[in-house]
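Peer 1: With the hints as constraints, model all of the structure from the sequences given.
Chains A and B, in that order, are what the protein sequence lines are. If you're matching positions, the first sequence starts at 1 in the working numbering and goes up one per residue. If you're matching positions, the second sequence starts at 1001 in the working numbering and goes up one per residue.
Hints were generated in silico from the structure; no laboratory data involved. Positions of the beta carbon are idealized from the N, C-alpha and C atoms, including for glycine. Among the hints, erroneous ones may be present.
Unchecked claim - Keeping only pairs whose Cα atoms sit at most 25 Å apart, straight-line, the calculated BS3-like set for lysine-lysine is:
| no. | chain 1 | residue 1 | chain 2 | residue 2 |
| --- | --- | --- | --- | --- |
| 1 | B | Lys1076 | B | Lys1023 |
| 2 | A | Lys26 | B | Lys1023 |
| 3 | B | Lys1052 | A | Lys83 |
| 4 | B | Lys1014 | B | Lys1052 |
What the hints assert, rightly or not - Counterexamples of contact, computed for chain B against chain A with all Cβ distances above 12 Å:
| no. | residue |
| --- | --- |
| 5 | Ser1013 |
| 6 | Arg1063 |
| 7 | Leu1068 |
| 8 | Arg1074 |
| 9 | Lys1076 |
| 10 | Ala1102 |
| 11 | Arg1107 |
| 12 | Pro1110 |
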Amino acid sequence: MTRHPPIDPYYVQEDDNLDEMAETLKPALEFTDEDLARLSPEAKNLFSGRRHLGLRWLDRYEIVVEITASPGGCACGVAKGQKIVFDMRHKVKAELSDAPLCVHLMSPVLSIFYMTFDRAAEGLNPLTCIWRYIECPMTGDDLGQSKARAEVHIRDAKTHEPVTARVLAQGEGAE
Amino acid sequence: MTFENCEIVATVSKAFHCANMIKEGETLVFDMQGRLLAAKSSANLCLGIIAKLQPALLMAQDRVAEGLHPISNRYKSFDCFDTGIDHGGTGKVFVDLHLRDATTRERVEP
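Peer 2: Below you can see the structure in the form of structure tokens.
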């Protein structure tokens, strides 16, 4: 079956059931072959990042949210220099984080994670080149001057070195 | 009651095809400021459900300021941002919120 309008050949087509990664996905997501077949092409694109960045790209990087300012004495105790670390499946790595895990500050990071999957499907560095700054949603009566602010970067999970290259696409079958 | 020594617990009521392997019965625990308490939580700390709870945690503070029980009876069930396999996404996690005493872990009902 061909979609109308058709899907660009770069992306996952409707009859593509991600065979080369099926044995990884099935236990991880409790999928059957039937489940894989009925995923939308868009959902399959989510997993197709493995084709472009390697099968283990989700384990290779981390997203770091580093607090750059908190001049107002944040009620949650968030302070400059602290950080919150996430894996690429957008799970908090509490053992690597030293900032209070403030839900108000963390919530805007989810949008950045949605972009990571979109960008991986394009073969790009998962971290957006635009939305790298977040802030507490509490504005206060000083027009937000005292709110906590943070910068986001991506790093190698093993070396903790920042990953700055725009294109991270690897050869087919890369780990 | 000030609810200062209380915690907000999100208990997973249903989960399927979750990439972060969240299971029914697991919990995410927050203090009354909205800080996630990792050591008290049994679920994987997935931002896809945590971020969905942020409005409820703001509302809890608003309700406390009004002298009300922090958990709204109208807004206590939530699901994650993934739309699920039947709706163009992959998996889905559902949670129910309740309040508990931080010391005894007994439920604090309205």
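Peer 1: Please confirm whether Leu1068(B) is truly not at the interface, meaning its C-beta sits more than 12 Å away from all C-beta atoms of chain A.
Peer 2: 20 Å, holds
Peer 1: Can the restraint linking Lys1076(B) and Lys1023(B) be considered satisfied, given a maximum Cα separation of 25 Å?
Peer 2: Judged against 25 Å, a Cα distance of about 19 Å means the pair holds.
Peer 1: For the pair we were handed, Lys1052(B) and Lys83(A), check the Cα-Cα distance against 25 Å.
Peer 2: 21 Å, holds
Peer 1: Just want to verify: Arg1063(B) was marked as not at the interface with chain A; is every Cβ pair farther apart than 12 Å?
Peer 2: 16 Å, holds
Peer 1: Going by Cβ atoms, does Arg1074(B) stay more than 12 Å from chain A at every point?
Peer 2: 20 Å, holds
Peer 1: Verify this label for me: Ala1102(B) is non-interface relative to chain A, using a Cβ-Cβ cutoff of 12 Å.
Peer 2: With a cut-off of 12 Å, Ala1102(B) remains clear of chain A, as the shortest Cβ separation is near 16 Å.
Peer 1: Non-interface claim for Ser1013(B): all C-beta distances to chain A beyond 12 Å?
Peer 2: 17 Å, holds
Peer 1: Verify the proposed pairing of Lys26(A) with Lys1023(B), using a straight-line Cα cut of 25 Å.
Peer 2: 16 Å, holds
Peer 1: Taking 12 Å as the cut and beta carbons as the points, is Lys1076(B) off the interface with chain A?
Peer 2: 16 Å, holds
Peer 1: When you check the alpha-carbon spacing of Lys1014(B) and Lys1052(B), does it fall within 25 Å?
Peer 2: 16 Å, holds
Peer 1: Please verify that the nearest CB of chain A lies beyond 12 Å from Pro1110(B)'s CB.
Peer 2: Fine: 22 Å to the nearest Cβ keeps Pro1110(B) off the interface.
Peer 1: Would the least Cβ to Cβ distance between Arg1107(B) and chain A come out above 12 Å?
Peer 2: Holds: least Cβ distance 21 Å, greater than 12 Å.
The structure shown violates none of the earlier numbered hints.
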